[in-house]
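Engineer: Here is how the chains run, residue by residue.
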Amino acid sequence: MAISLDKALGIHQHALEGRVKRAEVLANNLANADTPGYKARDIDFQAMMEKAQEGMSGFGMTRTHESHMDTSPMGQDSELMYRVPNQPSVDGNTVDTQQEQTRFMRNAMDYQASFQFLNGKVTGIKKALSGQ
Amino acid sequence: MSLGSIFDIAGSGMTAQSLRLNTTASNIANAETASSSTEQTYRARKPVFAAIQQSMLNPSQQGLAFGSEEGPGAGVRVEGIVESDAELQMRFQPDHPAANEEGYVFYPNVNVVEEMADMMSSSRSFQMNVDIMNSAKSMMQRILTLGQQ
Chain A
1 MAISLDKALG IHQHALEGRV KRAEVLANNL ANADTPGYKA RDIDFQAMME
51 KAQEGMSGFG MTRTHESHMD TSPMGQDSEL MYRVPNQPSV DGNTVDTQQE
101 QTRFMRNAMD YQASFQFLNG KVTGIKKALS GQ
Chain B
1 MSLGSIFDIA GSGMTAQSLR LNTTASNIAN AETASSSTEQ TYRARKPVFA
51 AIQQSMLNPS QQGLAFGSEE GPGAGVRVEG IVESDAELQM RFQPDHPAAN
101 EEGYVFYPNV NVVEEMADMM SSSRSFQMNV DIMNSAKSMM QRILTLGQQ
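The listed protein sequences derive, respectively, from chains A and B. In this text, residue positions in the first sequence follow our numbering: the first is 1, and each later residue adds one. In this text, residue positions in the second sequence follow our numbering: the first is 1, and each later residue adds one.
Fair warning: there could be bad hints in the mix.
Calculated lysine-lysine pairs in the DSBU-like style (CA-CA distance at most 35 Å, straight line) [to be verified]:
no.: 1; chain 1: A; residue 1: 39; chain 2: A; residue 2: 127
no.: 2; chain 1: B; residue 1: 137; chain 2: A; residue 2: 127
no.: 3; chain 1: A; residue 1: 39; chain 2: B; residue 2: 137
Because the hints were derived from the structure by calculation, they are not lab data. No experiment lies behind these values; they were computed from the predicted model shown.
Can you build the whole structure from these sequences, using the hints too?
Structural biologist: Written as structure tokens, this is what we have:
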């Protein structure tokens with residue numbers, strides 16, 4: 001019986017990765033809060049997780065060429081979407097600073113939660129390996 | 001894609017905002033610099049911001065991949081600093097040492113109220129980027145403790 005660490009850790013490693021990616025997108029929105037014409041973006045986290053689950057269930061495809069479509073769980077940025085602004089601004093920027101900051105904070109909290117789950121898994125495996 | 005790139009993104013935001021703060025300081029400092037000709041008079045300076053796209057930084061992702069030009073982006077950059085085209089203020093001050101033959105002196109086209117508002121906006125944006133960096137730092141420190149008791 002082969003031991004698969006990937007399977008043991010479950011979805012949480014993908015969730016953590018997704019959270020980091022979303023943090024990056026939100027940080028970019030906030031950095032461009034004063035850039036004229038910049039459109040705020042976000043990641044569809046749910047779609048990302050569904051993709052990760054599909055990948056875990058064993059139907060994932062392997063890329064043999066770099067120009068192939070990337071179907072890996074955290075691969076392409078197909079989940080990146082544009083936000084619909086609440087109040088349009090004159091210079092075409094759609095970043096709502098308060099909202100973005102709230103989302104960033106919440107994302108950081110969700111990251112902590114995912115981390116706790118992952119940490120629990122890792123400590124569990126460690127305990128099992130040391131036979132305690 | 002990593003937490004490290006958040007540092008770059010927030011860092012680029014901080015650089016851009018501090019440059020904006022710099023031009024604002026320069027504008028306010030020179031708001032009352034009089035001169036006798038329109039060419040020599042100081043003009044208000046404004047930075048121009050533009051978003052950096054990831055594909056520019058990472059050429060391997062360019063080209064064939066779907067939506068590659070729509071990458072998550074990598075912060076903000078300053079395209080350049082432009083001088084304001086607003087009209088200079090002409091004041092009649094015959095006693096001024098820099099007055100021209102008709103007794104007029106030219107003052108810069110700096111709107112101090114506008115500059116103050118700009119200053120508030122840029123310092124707030126700077127703070128926000130610092131907050132982002134702090135959060136990213138604590139997230140990163142957390143991942144280093146993975147597997148520890």
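Engineer: Could you run down the list of hints and mark each one as holding or not?
Structural biologist: Against the structure, the hints:
| no. | hint | result |
| --- | --- | --- |
| 1 | A/39 with A/127 | 48 Å, violated |
| 2 | B/137 with A/127 | 29 Å, holds |
| 3 | A/39 with B/137 | 26 Å, holds |
In summary, the one numbered hint that this structure violates is 1.
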